[in-house]
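Chemist: Residue strings, one per chain:
Number of protein chains: 2
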Amino acid sequence: MELNDYSKEDKVLLALDCIIFGFDNEGLKVLLIKRNFEPEKGRWSLIGGFLKKEEILDQAAIRILNRLTGLDDIFMEQLYTFSKVDRDPVERTLSVAYYALIDIAAHDKKLIQENSAKWFLLEDVPKLIFDHDKMLERAIARLRRRARTKPIGFELLPDTFTMPQLQKLYESILDKKLDKRNFISKVNGLDILVRLDEKDMTVSKKGAFLYRFDKEMYDQKVVDGFNFKI
Amino acid sequence: MELNDYSKEDKVLLALDCIIFGFDNEGLKVLLIKRNFEPEKGRWSLIGGFLKKEEILDQAAIRILNRLTGLDDIFMEQLYTFSKVDRDPVERTLSVAYYALIDIAAHDKKLIQENSAKWFLLEDVPKLIFDHDKMLERAIARLRRRARTKPIGFELLPDTFTMPQLQKLYESILDKKLDKRNFISKVNGLDILVRLDEKDMTVSKKGAFLYRFDKEMYDQKVVDGFNFKI
DNA sequence: TCAAAAGTGTTCACTATACACCCATGG
DNA sequence: CCATGGGTGTATAGTGAACACTTTTGA
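Protein chains in written order, with the working numbering: chain G, 1 to 230; chain S, 1 to 230.
The reader is advised that the hints may include incorrect statements.
Keeping only pairs whose Cα atoms sit at most 20 Å apart, straight-line, the calculated EDC-like set for lysine to aspartate or glutamate is [said to hold, decoys possible]:
{"#": "1", "chain 1": "G", "residue 1": "K8", "chain 2": "S", "residue 2": "E38"}
{"#": "2", "chain 1": "S", "residue 1": "K8", "chain 2": "G", "residue 2": "E54"}
{"#": "3", "chain 1": "G", "residue 1": "K52", "chain 2": "S", "residue 2": "D86"}
{"#": "4", "chain 1": "S", "residue 1": "K8", "chain 2": "G", "residue 2": "E91"}
{"#": "5", "chain 1": "G", "residue 1": "K41", "chain 2": "G", "residue 2": "D131"}
{"#": "6", "chain 1": "S", "residue 1": "K34", "chain 2": "G", "residue 2": "D5"}
{"#": "7", "chain 1": "G", "residue 1": "K134", "chain 2": "S", "residue 2": "E77"}
{"#": "8", "chain 1": "G", "residue 1": "K176", "chain 2": "S", "residue 2": "D224"}
{"#": "9", "chain 1": "G", "residue 1": "K53", "chain 2": "S", "residue 2": "D131"}
{"#": "10", "chain 1": "G", "residue 1": "K84", "chain 2": "G", "residue 2": "E9"}
{"#": "11", "chain 1": "S", "residue 1": "K52", "chain 2": "G", "residue 2": "E9"}
Pulled from the structure, derived: some chain S residues nowhere near chain G, Cβ distances all over 12 Å [to be verified]:
{"#": "12", "residue": "I184"}
{"#": "13", "residue": "A208"}
{"#": "14", "residue": "M217"}
{"#": "15", "residue": "V223"}
{"#": "16", "residue": "F228"}
To give an idea of the interface, some chain S residues facing chain G are shown, with a C-beta separation under 8 Å as derived from the structure [to be verified]:
{"#": "17", "residue": "V12"}
{"#": "18", "residue": "F50"}
{"#": "19", "residue": "K52"}
{"#": "20", "residue": "K53"}
{"#": "21", "residue": "Q78"}
{"#": "22", "residue": "Y80"}
{"#": "23", "residue": "T81"}
{"#": "24", "residue": "K84"}
{"#": "25", "residue": "V90"}
{"#": "26", "residue": "L94"}
Since the hints were derived computationally from the structure, they do not count as laboratory data. Note that beta-carbon positions come from the ideal geometry of N, C-alpha and C, so glycine has one too.
Make the full structure from the sequences, and use the hints.
Modeler: Shown next, in the form of structure tokens:
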């Protein structure tokens, strides 16, 4: 029979690791740091930290993300808890992985430098320490699934963006080419974007209209039974 | 700058709680235990336990499930890690929730009794201790999503089953009525079931053909790019 | 004037859904 | 012989995918 004598139970170290995704005109990227501390000094890893006694996991993840990006109010979701016994060579440590989506233009570049962090295109990610490769793999899989059914893509874009940008984003996430006309008519059919009068003239000569994701309109539609689907 | 002095970091108790789903002709059920130990003695809860130092989470979940059901080789998936600071009144404890799907007929009924456990229809589940309600809610949501895209429903059925049974199962999981003809033609279209010559005569006078889920055929189709979808 | 990116509709195949009657059998 | 649950097909609407030309304008 189970006892309630908690003192007999083993305690463990609990870490968090964050997979931080960003997007720019080169494609979908992930933020990694070059460790200047042991173990595995000099190698690339996800950013992480330990859970503090008085924190809940979400708070700890926010703290860790803020330390590297300077951002708060980041989209973030718990991913999975990794528990292989020897995943950390120093001491038994479990790690709760979180993934986050940020507007790559909005983060604090100085903080990134200070932490010897760097954005990597997904296809250029080096071998990571510990089980961080598995974490990244799982995060990519989750992002792909989520992006199809929740409007989380917008978290990766600035407040206003063009249709070609949005399409490239989804092409990066889903890792396949999409048809321009089908994509635009599908997105417009969702009726959750508002087109501004302004154009972005930096990419093409013709210029591309800017759009904004209308969260209120989206939330209202969800209440009415609408399901986002791309 | 982050340090590698692990000894400064806080350690925590790590529990596991299992949401065990089963299905019979009454519907989709969850297995709960009436606690005969403090805290919250006498109230209903999920079955749980603590992670041991030398275990990975999946092993611990298997151990806990086996203790109550007598089964091994159970379908099981990590769900989420719950971390509210005061979720356990005795001591700061995080809990990793797992959900499991079992054939309700195959489990060990004596073990269930010894542990004062009981199967509850989802709609009859009483208020649970701690944050177990949230765990169950999340497990149901996950089960609903997974059941649409992975053939996990069969984990809840005996080795052989009838079409009406299978349909009732999916109706319970998805919580909506399905059309008999559409359901059958969709399922048959997947081409992952084999119909036996045998009939189940226990429910109707006419009898209903028995089917078996052909895992090899399914796995081969997945390799060939097939996607399960119900 | 031309290169480079933006914008715009239609057709077709397929999938999802709605729907009603006959069959087999034990009691 | 009849009540009960098992089994079967078709028509329609909606969604997803393929596909090509015109517009704008800075260089």
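Chemist: Is it true that the CA of K8 of chain G sits at most 20 Å from the CA of E38 of chain S?
Modeler: Holds, at roughly 15 Å.
Chemist: Can you confirm whether the C-alpha distance between K41 of chain G and D131 of chain G stays at or below 20 Å?
Modeler: holds (15 Å)
Chemist: Does E54 of chain G sit within 20 Å of K8 of chain S, going by the straight-line distance between their CA atoms?
Modeler: Roughly 15 Å between the alpha carbons, so the hint for K8 of chain S and E54 of chain G holds.
Chemist: Given Y80 of chain S as an interface hint, is the shortest Cβ-Cβ distance to chain G below 8 Å?
Modeler: Status holds, d = 6 Å.
Chemist: Within a Cα-Cα threshold of 20 Å, do K53 of chain G and D131 of chain S meet the stated pairing?
Modeler: holds (19 Å)
Chemist: Can K53 of chain S be said to touch chain G, with a Cβ gap under 8 Å?
Modeler: For K53 of chain S, the interface hint holds, since the closest Cβ of chain G sits about 4 Å away, which is under 8 Å.
Chemist: Determine whether the non-interface label on F228 of chain S survives the test: each CB of chain G must be over 12 Å from its CB.
Modeler: holds (14 Å)
Chemist: K84 of chain G and E9 of chain G: Cα distance at most 20 Å?
Modeler: holds (19 Å)
Chemist: If you take the shortest Cβ to Cβ gap from V90 of chain S to chain G, is it below 8 Å?
Modeler: With a closest approach of 6 Å, the V90 of chain S hint holds.
Chemist: Given L94 of chain S as an interface hint, is its Cβ closer than 8 Å to any Cβ of chain G?
Modeler: holds (7 Å)
Chemist: Taking 8 Å as the limit, does the beta-carbon of T81 of chain S come near enough to a beta-carbon in chain G?
Modeler: OK, holds: T81 of chain S within 8 Å of chain G, min 5 Å.
Chemist: Could you let me know if the closest chain G CB is still more than 12 Å away from the CB of M217 of chain S?
Modeler: M217 of chain S is indeed farther than 12 Å from all Cβ atoms of chain G, at 25 Å.
When held up to the earlier numbered hints, the structure conflicts with none and fits them all.
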